[in-house]
Amino acid sequence: MTRLWFAIVLAGAGTYAMRASFLAFAHRLANVPPATTRVLRQIPPAVLAAIVLPALVRPEGELDLLQPRLLAGIVATFVAWRTGNVGLTLAAGMLILIATETL
Amino acid sequence: MHLLAEARAGAVAVAPMLLGVVPFGLVAGAVPVAEGLGAWAAIGLSGIVFAGAAQLAAAEVLAEGGSAAVAVLAAWVVNLRLVLYSASLAPYLGHERLRRRLGAAYLLTDQAYALSVIRWSAGTDPESRLPYYLGAGTMLWLSWQMATIIGVLVGRAVPQDVPLDFAVPLVFLVLLVPLLITLPATAAAAIGGTSAVIAAEVGAGPLSILVGAAFGVAAGVLSDLSSDRAGRPPDQPTS
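Those sequence lines, one after another, are chains F and C. Under numbering that gives the first Met the number 0, residues 0 to 102 are what the first sequence spells out, in order. Under numbering that gives the first Met the number 0, residues 0 to 238 are what the second sequence spells out, in order.
Take these hints with a grain of salt, some might be off.
To be verified - Quick list of the computed label-pair ranges, beta carbon to beta carbon:
no. : chain 1 : residue 1 : chain 2 : residue 2 : range
1   : C       : Ala14     : F       : Glu59     : 33 to 43 angstroms
2   : C       : Asp124    : F       : Leu70     : 49 to 59 angstroms
3   : F       : Asn84     : C       : Val161    : 33 to 43 angstroms
Claimed, not checked - Which chain C residues stay away from chain F? Per the calculated CB distances, all over 12 angstroms, these:
no. : residue
4   : Ser127
5   : Met145
6   : Arg155
7   : Ala188
8   : Asp223
To be clear, the hints were calculated from the coordinates, so they are not data collected in a lab. Using N, Cα and C, we set each Cβ at its ideal position, and we do this for glycine too.
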């Protein structure tokens, strides 16, 4: 319980600090060094893939390529690519997972 | 009156984006409940962190039994892009008082950033900038909190055998796929995903997200540097 709220408050405090970072010093006009920009730009694809791929290829805690979550993920990737829509991607991925699991 | 119209323009501009935000908010409400963290954790994450991907990353780590430190680090890493947004918007708000800038910071999101930077860089009266941003940001905030609460209620009602946890990778896919149009981003994702899987296989547990992120960022930077050296112009920062 304390672990949970400690994490939530600290995650929120750090997130706010990042949001406020340059806005707090706006009167001095801010400019990010290009090297920093270069690193920051790589973070979203790296982190997102680090969360997504393990969830698709090792859902039960070990590598397994012949299971419904990978299939549902591949179809959902296609839907996400074609539509960019959260609702449609969720629906497609969930339906395929539920359908293949109950078959 | 003119400022109120600007706020309304911001709220109207963000409306089409809610189509993507609301389902994401539903997931952010439902997943912590389904994973046993409780309704207040979901509502607390949305109110205090107010950043969907980071909320789900932290919830994932906590539900798997990871430490608070790993959960916090995961959320922070996911949110580092906000520093870039903050830096990109700051020059436009230099005339505003510190207190108002600090209040505005809480509402900084992908959507509020994208809308504002596009409108402001086209040239606007400085006094109208903050109202526009606040109109968009407040609209998004309200939608996010309401979607979270509905998600909490839905999450409780969903039967145990519906694999709600799978909503997390699905939502992240929608964020990830559009990024894969440049070589550095694709390298970052490929190496980031693969090294997270390898790290998890050798027993890194929830830490594997951070391991994957580190290797992925390194791969992306290397790829970016080598495309510079090959004479191609680097892809421009969002600012």
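Hint compliance check: list the failing hint numbers for this structure, sorted ascending. 3, 7 and 8
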